[in-house]
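J.: Given only the sequences and the hints, what does the whole structure look like? Please build it.
Top line first, the protein sequences correspond to chains A and B.
So for the first sequence, my numbering puts the first residue at 1; every next one is plus one.
So for the second sequence, my numbering puts the first residue at 1; every next one is plus one.
Keep in mind the hints are simulated off the structure, nothing from the lab.
On a predicted model such as this, the values are computed, not experimentally measured, just so you know.
We treat Cβ as the ideally placed atom computed from N, Cα and C, and that holds for glycine.
Heads up, some of the hints might be wrong.
As the list claims (entries may be wrong) - On the chain A side, residues computed to face chain B include the following (Cβ under 7 angstroms):
id	residue
1	Thr109
2	Gln117
3	Ser178
4	Pro243
Number of protein chains: 2
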Amino acid sequence: MTTPATEDGCLLIIGGDEQRNCRERILARFVELSGGKERRFVLLTSASEEPEKMARPYQEALARLGASHCDTVHTASRAEANDPAMAQRIAHADGILITGGDQKRLMATIGGTALDQALHEALKRRCACLAGTSAGASAMAGHMLASGSADYAPEKGAATLGAGLGFVQHIVIDQHFSQRHRINRLLSLIAQNPYLYGLGIDEDTALVVERGVGIEVIGDGGVTFVDGRNMITNAADIGDGEPAELIGVQLHVLPAGSGYLLPGAAPSARLHRITREAPAPIHEFICNLTKRNPLT
Amino acid sequence: MTTPATEDGCLLIIGGDEQRNCRERILARFVELSGGKERRFVLLTSASEEPEKMARPYQEALARLGASHCDTVHTASRAEANDPAMAQRIAHADGILITGGDQKRLMATIGGTALDQALHEALKRRCACLAGTSAGASAMAGHMLASGSADYAPEKGAATLGAGLGFVQHIVIDQHFSQRHRINRLLSLIAQNPYLYGLGIDEDTALVVERGVGIEVIGDGGVTFVDGRNMITNAADIGDGEPAELIGVQLHVLPAGSGYLLPGAAPSARLHRITREAPAPIHEFICNLTKRNPLT
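T.: Here is the structure:
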């Protein structure tokens, strides 16, 4: 059994399509953040109806990266997700990647099960790297963006929330963000839930989150933060499907290569070349992202 | 010769495609803002290479609305735009609509000519309603969004500015905004020009601007304000084509039906049902939009 790579686990929140332009760059970082290619990796495919098809490109990419200890875990039912042997396969992993599919399927199957608990324990006790891409990214939040669309305007009721895995709190995560033009979908949610921060991650792009330290954007695109805590909105007064008025939303766009440390945090080997402290407008957002959650 | 409809001219900034869902609603408002169907209307088609094709649907729509005094003015050269007789046709109009096409063509032909001056005089002296749609909308600003695109991220140099007509100052106007997903194009410009406010207008949507009074959004979509005056950005330090970091952009979305008065302004018949004063986050933006410019 290997020992933890560092003192604390980290998150890798991926916007989907992570092998397009930045060929394996994000997965190479996943291997590195997990402690290197000798570590134990698990692909968790429970979000998908086609687990083998979903897993294969990741298995091949990890093999090319020299990560030979790669297990694939799929659960088609809550009974399977409560199987202690299944949960142990997660709890003993150093790097876990939750693949895409449908985040509602994922949570309906694993939410609140022994496997869910094992994910938290791997991050907390084993200091694993927990990665999620596409549906797997959205599910990492406590309030999970479940479904919906809003093409041309923020609309009341256009998107729905579900209960996610809770690795980040007070943040709702959207993926394929710029490519699928999802800013209005995210704003629709923020209009009705202004205490949630919105985080949109582009395809082939990921956010590295080191607990208690800071964040880094890697890959081909960028990440978008939407902060509606101080906005003025009529969302409470309009009907479902109506466009909402939003005044005073804070918008932040961080391209790949950008990243920030929490005030007072020392630069970390996990966050390449990130040396600057978060400026005031995104300070609280990054505090929230990097907060260490207690095991529940 | 008719007398001015009201004490001051107004602007109607249209996001293009204004006869789709809100069939003639926006053009009906144009007629109303110009003083009614008995007034003199001019279609200015200088932005287009196909002026007759561009003018015809507007001529037909205005005829259906009972506006029978409709002249079409086209200039293919600066010499024509400096023809005093041509300029007089503009100066004597109560409602002027600058049609779509290419805003660079429009400004190359009429910018700084007698016709340009006549537009300002019609607004200022005759209290006309000046409408612009699509290219005609962008050209209404002093700093005109001339060209460019930025699909998935705000990028340095992705969009270019030109010298526009200057009916609004310190504001850059984009159109077909949500339908063509132009927020990154607008943010690209704001990143390099943070003293400009960004105004994005959706298709089939218009912003009524009454000088010294307030604004109203009409039509099918909404308008987006982007305010980067207090943002933190690396735009000055990166190369052309590189994605910019933007932290602390203020974003406001106003759907149709929304609108605000300047503090202390009395409700106006031109701005239907608009009775609320602009809240603090958009106060300065609306002050800028509604400012009466001197004749230059």
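J.: Compare the structure with each hint and give your call.
T.: We went through each hint and held it up to the structure:
Look at Thr109(A): its Cβ only gets to about 32 angstroms from chain B, farther than 7 angstroms, so that hint breaks. Taking 7 angstroms as the C-beta contact cut-off toward chain B, the hint placing Gln117(A) at the interface is violated, the least distance being around 37 angstroms. Because the beta carbon of Ser178(A) sits about 4 angstroms from the nearest beta carbon in chain B, less than 7 angstroms, this interface hint is met. Because the smallest distance between the Cβ of Pro243(A) and any Cβ of chain B comes to about 4 angstroms, under 7 angstroms, the interface hint for this residue holds.
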